[in-house]
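Residue-level listing of the chains:
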Amino acid sequence: MSDSILNPNVTRRRFLQATGAAGALGAAGLGLDLGGGLSTLTKAHAQPAGAAGGETVITKSFCHQCPARCGIDVYTTNGRVHAIYGTLDNPLTQGKLCPKGHYGVYLLYDPDRFKSPMKRTNPKKGRDEDPKFVPISWDEALGIVAGRLNALREKNESHRFAIITGRGWGASDVGILGDFGKLYGTPNFNLGHSSICSDASETVKHIMDGHHAYSAYDYPNTNYLLVFGAGFLESFRPFTGNMVAWGQMRTKSPKTRVTVVDVHVNTTGTAADRLLLIKPGTDGALALAMGHVILTEGLWDRAFAGDFTDPALKFEAGKEIDPNTFNEKWVSGLAEWWNVVLKDCTPEWAEKITTIDAADIRTVAMDFGSTKPAVALFERGASAHTNGVYNGMAIHALNALTGNMFAKGGLRGYQMKTAWAKPDVKAEEFMDDYAKAPERKKPRLDGAKTEKWPLAKNMIQEIAINQLKGDPYKMDTILFYMTGPIFSAPDCKKWEEALRQVYVIDTSAYPGETSVFADLILPDHHYLERLQVADTYPFQGYPISMIRTPAVKPLYDTKVFGDTIIEIGKRIKGPTGEYYKRLGNTENLIRMLCKGFEEKPGDNGVKDFESFKAKGVWYRKPYAFLQKDGEFYEWDGKGYDKHLTPEEVKQKVMPTATGKFEVKVTELEHYAEYVAKRLGIAPERAPFPQWIEPRHPGGGDLHFVSPKLAGQAEGRSANLPHVSAIIQPTQGGKRNVFLEIHPETAKKRGIGDGDRVRIKNDVGQIEAIARHFNGIRPDTVALPMIHGHWAQGRWAKGRSPTASTNEVTANVSEPISGLAVFHSGKVFVEKI
Amino acid sequence: MAKWGMVIDLEKCTGCQACTIACGMENSRLPGEHWQDVIFFNEGQYPSVQMKWFPRPCQHCENPSCVAVCPVRATYKTEEGFVLVDWERCIGCKYCMIACPYGVRFYTEEKPSYGGPDVKQVFKSNDAHSWNPPWKMPDSREDWNHGVGVQPHDVVSKCTFCYHRVSKAPKGTADLDPGNPAQREFTPACVVTCSPGARFFGDLSNPRSRVSKLIADKEGVRLLDQLGNKPQVYYLTGSGGAVPSSHANVKA
Numbered sequence: 001m002s003d004s005i006l007n008p009n010v011t012r013r014r015f016l017q018a019t020g021a022a023g024a025l026g027a028a029g030l031g032l033d034l035g036g037g038l039s040t041l042t043k044a045h046a047q048p049a050g051a052a053g054g055e056t057v058i059t060k061s062f063c064h065q066c067p068a069r070c071g072i073d074v075y076t077t078n079g080r081v082h083a084i085y086g087t088l089d090n091p092l093t094q095g096k097l098c099p100k101g102h103y104g105v106y107l108l109y110d111p112d113r114f115k116s117p118m119k120r121t122n123p124k125k126g127r128d129e130d131p132k133f134v135p136i137s138w139d140e141a142l143g144i145v146a147g148r149l150n151a152l153r154e155k156n157e158s159h160r161f162a163i164i165t166g167r168g169w170g171a172s173d174v175g176i177l178g179d180f181g182k183l184y185g186t187p188n189f190n191l192g193h194s195s196i197c198s199d200a201s202e203t204v205k206h207i208m209d210g211h212h213a214y215s216a217y218d219y220p221n222t223n224y225l226l227v228f229g230a231g232f233l234e235s236f237r238p239f240t241g242n243m244v245a246w247g248q249m250r251t252k253s254p255k256t257r258v259t260v261v262d263v264h265v266n267t268t269g270t271a272a273d274r275l276l277l278i279k280p281g282t283d284g285a286l287a288l289a290m291g292h293v294i295l296t297e298g299l300w301d302r303a304f305a306g307d308f309t310d311p312a313l314k315f316e317a318g319k320e321i322d323p324n325t326f327n328e329k330w331v332s333g334l335a336e337w338w339n340v341v342l343k344d345c346t347p348e349w350a351e352k353i354t355t356i357d358a359a360d361i362r363t364v365a366m367d368f369g370s371t372k373p374a375v376a377l378f379e380r381g382a383s384a385h386t387n388g389v390y391n392g393m394a395i396h397a398l399n400a401l402t403g404n405m406f407a408k409g410g411l412r413g414y415q416m417k418t419a420w421a422k423p424d425v426k427a428e429e430f431m432d433d434y435a436k437a438p439e440r441k442k443p444r445l446d447g448a449k450t451e452k453w454p455l456a457k458n459m460i461q462e463i464a465i466n467q468l469k470g471d472p473y474k475m476d477t478i479l480f481y482m483t484g485p486i487f488s489a490p491d492c493k494k495w496e497e498a499l500r501q502v503y504v505i506d507t508s509a510y511p512g513e514t515s516v517f518a519d520l521i522l523p524d525h526h527y528l529e530r531l532q533v534a535d536t537y538p539f540q541g542y543p544i545s546m547i548r549t550p551a552v553k554p555l556y557d558t559k560v561f562g563d564t565i566i567e568i569g570k571r572i573k574g575p576t577g578e579y580y581k582r583l584g585n586t587e588n589l590i591r592m593l594c595k596g597f598e599e600k601p602g603d604n605g606v607k608d609f610e611s612f613k614a615k616g617v618w619y620r621k622p623y624a625f626l627q628k629d630g631e632f633y634e635w636d637g638k639g640y641d642k643h644l645t646p647e648e649v650k651q652k653v654m655p656t657a658t659g660k661f662e663v664k665v666t667e668l669e670h671y672a673e674y675v676a677k678r679l680g681i682a683p684e685r686a687p688f689p690q691w692i693e694p695r696h697p698g699g700g701d702l703h704f705v706s707p708k709l710a711g712q713a714e715g716r717s718a719n720l721p722h723v724s725a726i727i728q729p730t731q732g733g734k735r736n737v738f739l740e741i742h743p744e745t746a747k748k749r750g751i752g753d754g755d756r757v758r759i760k761n762d763v764g765q766i767e768a769i770a771r772h773f774n775g776i777r778p779d780t781v782a783l784p785m786i787h788g789h790w791a792q793g794r795w796a797k798g799r800s801p802t803a804s805t806n807e808v809t810a811n812v813s814e815p816i817s818g819l820a821v822f823h824s825g826k827v828f829v830e831k832i
Numbered sequence: 001m002a003k004w005g006m007v008i009d010l011e012k013c014t015g016c017q018a019c020t021i022a023c024g025m026e027n028s029r030l031p032g033e034h035w036q037d038v039i040f041f042n043e044g045q046y047p048s049v050q051m052k053w054f055p056r057p058c059q060h061c062e063n064p065s066c067v068a069v070c071p072v073r074a075t076y077k078t079e080e081g082f083v084l085v086d087w088e089r090c091i092g093c094k095y096c097m098i099a100c101p102y103g104v105r106f107y108t109e110e111k112p113s114y115g116g117p118d119v120k121q122v123f124k125s126n127d128a129h130s131w132n133p134p135w136k137m138p139d140s141r142e143d144w145n146h147g148v149g150v151q152p153h154d155v156v157s158k159c160t161f162c163y164h165r166v167s168k169a170p171k172g173t174a175d176l177d178p179g180n181p182a183q184r185e186f187t188p189a190c191v192v193t194c195s196p197g198a199r200f201f202g203d204l205s206n207p208r209s210r211v212s213k214l215i216a217d218k219e220g221v222r223l224l225d226q227l228g229n230k231p232q233v234y235y236l237t238g239s240g241g242a243v244p245s246s247h248a249n250v251k252a
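Read top to bottom, the protein sequences are chains A and B. My numbering applies: residue 1 is where the first sequence begins, and numbers increase by one. My numbering applies: residue 1 is where the second sequence begins, and numbers increase by one.
Simulated from the structure, these hints should not be mistaken for lab results. One or more of the hints may lead you astray.
[As the list claims (entries may be wrong)] With beta-carbon atoms standing in for the labels, derived distance ranges:
| # | chain 1 | residue 1 | chain 2 | residue 2 | range |
| --- | --- | --- | --- | --- | --- |
| 1 | B | 79 | A | 56 | 25 to 31 Å |
| 2 | A | 298 | B | 48 | 31 to 37 Å |
| 3 | B | 69 | A | 357 | 50 to 56 Å |
[Stated by the list, open to error] With the Cβ distance kept under 10 Å, some of the chain B side facing chain A (calculated, not the full set):
| # | residue |
| --- | --- |
| 4 | 116 |
| 5 | 133 |
| 6 | 144 |
[Stated by the list, open to error] With a straight-line Cα cutoff of 20 Å, these simulated DMTMM-like cross-link-like pairs (lysine to aspartate or glutamate) come out:
| # | chain 1 | residue 1 | chain 2 | residue 2 |
| --- | --- | --- | --- | --- |
| 7 | A | 474 | A | 497 |
| 8 | A | 252 | B | 219 |
| 9 | A | 43 | B | 109 |
| 10 | A | 442 | A | 476 |
| 11 | A | 43 | B | 88 |
| 12 | A | 595 | A | 535 |
| 13 | A | 43 | B | 143 |
| 14 | A | 255 | B | 11 |
| 15 | A | 797 | B | 118 |
| 16 | B | 168 | A | 55 |
| 17 | A | 734 | B | 118 |
| 18 | A | 255 | B | 217 |
| 19 | A | 417 | A | 603 |
| 20 | B | 171 | B | 79 |
| 21 | A | 252 | B | 217 |
| 22 | A | 43 | B | 127 |
| 23 | A | 734 | B | 109 |
| 24 | B | 120 | A | 112 |
| 25 | A | 252 | B | 11 |
| 26 | A | 372 | A | 273 |
| 27 | A | 734 | A | 753 |
| 28 | A | 343 | A | 684 |
| 29 | A | 119 | A | 496 |
| 30 | A | 43 | B | 142 |
| 31 | A | 343 | A | 307 |
| 32 | B | 124 | A | 112 |
| 33 | A | 314 | A | 344 |
| 34 | A | 734 | B | 110 |
| 35 | A | 329 | A | 648 |
| 36 | A | 615 | B | 185 |
C-beta atoms are modelled at their ideal positions from N, C-alpha and C, and glycine is treated no differently.
Chain A extracted, bound-state conformation (with noise of 0.2 Å):
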């Protein structure tokens, strides 16, 4: 190790290794000039003459390595893609860029991505057996997954082919795949990876004020931002944004304030102007305490949340107040939720749940409730728990208490719809007997939206046990579409068993540990040779639309998967296959949808195709609705001047039972015996945020939580050898990811700086090397969740940890939004 904190890179050892043999070339190079002096030197290396001119072509496209999808311009020279910048006139990207953002090109040119389709030889599967791969044709392929479907629909199973889909984006893409699922007959069409993303997050949105979406909030005149467990500087999309608001936010007068909660020291928390240490799954009791302070202090916004009757109540710690005393303006249930919980939540009472100590919940409590306009957001360190709904409830509300719901500066608004014509050719009329028979109403082998899980999305995680249990039926032929949960689910080795039991289709472009489990491999085209459209996440409030272009031909024989879709379609029997063979390709479908922008240009010209792929984007600002002083306004043309009646604020703008902000939750009233059941809660609490205390599956004694780094992108930076290089000294270093240890917790454990671990647990054990940081709580171990591939590529594999954190993460389910609770888990370290 170097002692020198610039240069760590050149130490003694290898200044010496490597001047052996450039020394002796050096003094050779010199000894001939020394007595003619050194201009006469000749020449050491002589550039080679390269290929003379060639345009550089720039193509605008979308980026891949997170879900915000960022504009992005794509570099070509001689049929070379050599670089990625942001899209400077991209509202999103605003022409910068994280460091994932460039990653593109190396993507592309990856060297061991898949060349062609190709088909397993060797029957038997598991993780040291060699699929044995042999290159087939596009014909064939589609041939054996057509023959598969129809043989399926012909005995009446067509519910046992199911489409399990990661980050799929817009109309040509995952978006067909809604009318494929009606057409053929099976109603796991599209089975979603949301609930190992961060689902809770949408739901608390959902049943708090109406909207299952995320958020736009309005950083660049937000006073106070409060993040809980969200890597703001890291992670939380979009990356781009939040870096460009943070630009802004810590720039302009006022100088936004910050204040970041999290379980170790990060780039974010260090950053701001705080940083709370939280004892993990905890946040919720904070977010309690700070609304108690919030009310008791009386700096609620009243215009927005309502006000005594008389001015000389108020809110005392203790005591409940009398409903009839106070008028609830657009927080409905306030009076109640402050009887049946808020009234006990004091600093005091949450320092023994957070080990944050009673006088800093206060200061932030009123530093956030006196600065206007103020934002809190969360994200999966906060509701990655089993307790995670409800800590998220308990966060959003405080935006609601002070005001800043719809509000300049606040949380400014939810996802709006982009113009996109509706295709010419209806999936409705090409729907035959079968399709439309009762039978074809059958549960969805993920169980969201059955009464195990009534008010989950999706619910990925559960797919490899019911197939092991063949609940509710056994599948037949499972398609994988950018997703590998081999690695990314929790307990992810039982997906190993289950897929040993059906045919995997997968059309990831890259090799991974689940196409090692693969019987046909159908691989996509890399995004930058794809065309598509999207549509992104509210974060400008606005609605805003990229496009995709083609930035080199495809270097291989690969297919995109709205294509791959299109093809096995025009392959079934009967209508279905006329429907596709009309629909043609995906560039035809979105052909038609552009035609949407003629009506309703972009605010940047574009009114068309052609345009669309000039600009990359279309957007129409602005957001249509704000809330002011308590009053909602709606943008009629030319200013937000159109007052709205609460019955319109609730029909546009909050559609909730009530119309209002909800803190005490009409959906949760309905499910209460649910819920009750679930959390071992009284069915009568169950509408109201509150503090429920969280289960730490696994088994161990310390917390372990599983964090994104801001140089890790979707999936496949793992074989990155540029991204593994740049993962920093807390972290990793070049090679590795480290497990972040606190030296007092390593030293009882008898581990050393850079010993070589044994995280383990009731789900399995993994390998990795610890770190002693400082940084850490105490009571919890951190490590990112990048490396320990084992079947990504060359660069991928050998690295430390050993394998997947989630080989000690337990299938544990937040039972509300079904999200698996990540960093809820617990795990024994010891030296080997």
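Keeping the supplied structure of chain A fixed, place chain B upon it in accordance with the hints.
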């Protein structure tokens, strides 16, 4: 004649390392050969711990130590302020690497630190280039006399301030603003991509340039100024910045 310089606002830097990655992509760098590195370190005891980071390109010194020690005049300082390496002359003796107090130089033949197969073997070159990455910069931009492109074997390389971009900027340009479409393509890669806008690039000899004003208004400082190298990279420390101290803890 411009004197190009960079200003890095440490208060705005989020430590994301997009500068490192964008530089590597733009300049066809080997993994780990971080011309524009971000150095992380930490200090203190739980729960009062500081994590810090420090972005570090070549400082393009007015008095560069590297130039003074180069036995073959491969490393040189241009009139516009770039410190560059002529790869056609460099003999790889590495004296410059030792002389540089900022640790910004890299030797091509270093053993790969990133693990797994050597990318130079996977993407092998058939000519005098040390390797042949499929994503390398256009041939017409490669310029070994200015240390631009995929380097030959046995040479030292370093940040060029994106010489191949900046040197094409119109004469008299005060600042290169990546938000200005007319200047974007001349601006260094790290400045173009920096999301929080922590980086500025312009003419230090022009007192009306934005970089000059920032240095004046926000009391820009230079790294290890006591050594007399006079870097042309200035740091704004604001209330959130970090200049490494002698008791900081670093591990790589």
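Hint-by-hint comparison with the structure:
1. B:79 x A:56: 25 to 31 Å: Between residue 79 of chain B and residue 56 of chain A, where Cβ atoms are some 28 Å apart, the hint holds.
2. A:298 x B:48: 31 to 37 Å: Distance hint for residue 298 of chain A, residue 48 of chain B holds at roughly 33 Å.
3. B:69 x A:357: 50 to 56 Å: holds, 55 Å
4. 116: holds, 4 Å
5. 133: Holds, about 8 Å.
6. 144: holds, 4 Å
7. A:474 x A:497: OK: residue 474 of chain A and residue 497 of chain A at ~13 Å, within 20 Å.
8. A:252 x B:219: Roughly 18 Å between the alpha carbons, so the hint for residue 252 of chain A and residue 219 of chain B holds.
9. A:43 x B:109: The hint holds at about 19 Å.
10. A:442 x A:476: holds, 15 Å
11. A:43 x B:88: Status holds; Cα separation ~5 Å.
12. A:595 x A:535: holds, 16 Å
13. A:43 x B:143: holds, 14 Å
14. A:255 x B:11: Between residue 255 of chain A and residue 11 of chain B the Cα gap is close to 12 Å, so the pair holds against 20 Å.
15. A:797 x B:118: With a Cα-Cα distance of about 14 Å, the restraint between residue 797 of chain A and residue 118 of chain B holds, given a limit of 20 Å.
16. B:168 x A:55: With a Cα-Cα distance of about 16 Å, the restraint between residue 168 of chain B and residue 55 of chain A holds, given a limit of 20 Å.
17. A:734 x B:118: OK: residue 734 of chain A and residue 118 of chain B at ~14 Å, within 20 Å.
18. A:255 x B:217: holds, 18 Å
19. A:417 x A:603: Answer holds: residue 417 of chain A to residue 603 of chain A is near 15 Å, not above 20 Å.
20. B:171 x B:79: holds, 13 Å
21. A:252 x B:217: Distance of about 16 Å is within 20 Å: holds.
22. A:43 x B:127: holds, 16 Å
23. A:734 x B:109: Holds, at roughly 17 Å.
24. B:120 x A:112: holds, 16 Å
25. A:252 x B:11: Distance of about 13 Å is within 20 Å: holds.
26. A:372 x A:273: Roughly 17 Å between the alpha carbons, so the hint for residue 372 of chain A and residue 273 of chain A holds.
27. A:734 x A:753: Holds - the C-alpha atoms of residue 753 of chain A and residue 734 of chain A are around 17 Å apart, at most 20 Å.
28. A:343 x A:684: Given that 20 Å is the threshold and the Cα spacing comes to 17 Å, the pair holds.
29. A:119 x A:496: Distance ~19 Å between residue 119 of chain A and residue 496 of chain A Cα, so the pair holds.
30. A:43 x B:142: Between residue 43 of chain A and residue 142 of chain B the Cα gap is close to 17 Å, so the pair holds against 20 Å.
31. A:343 x A:307: holds, 16 Å
32. B:124 x A:112: holds, 16 Å
33. A:314 x A:344: Answer holds: residue 314 of chain A to residue 344 of chain A is near 15 Å, not above 20 Å.
34. A:734 x B:110: Holds: residue 734 of chain A and residue 110 of chain B sit about 14 Å apart, inside 20 Å.
35. A:329 x A:648: Answer holds: residue 329 of chain A to residue 648 of chain A is near 15 Å, not above 20 Å.
36. A:615 x B:185: holds, 18 Å
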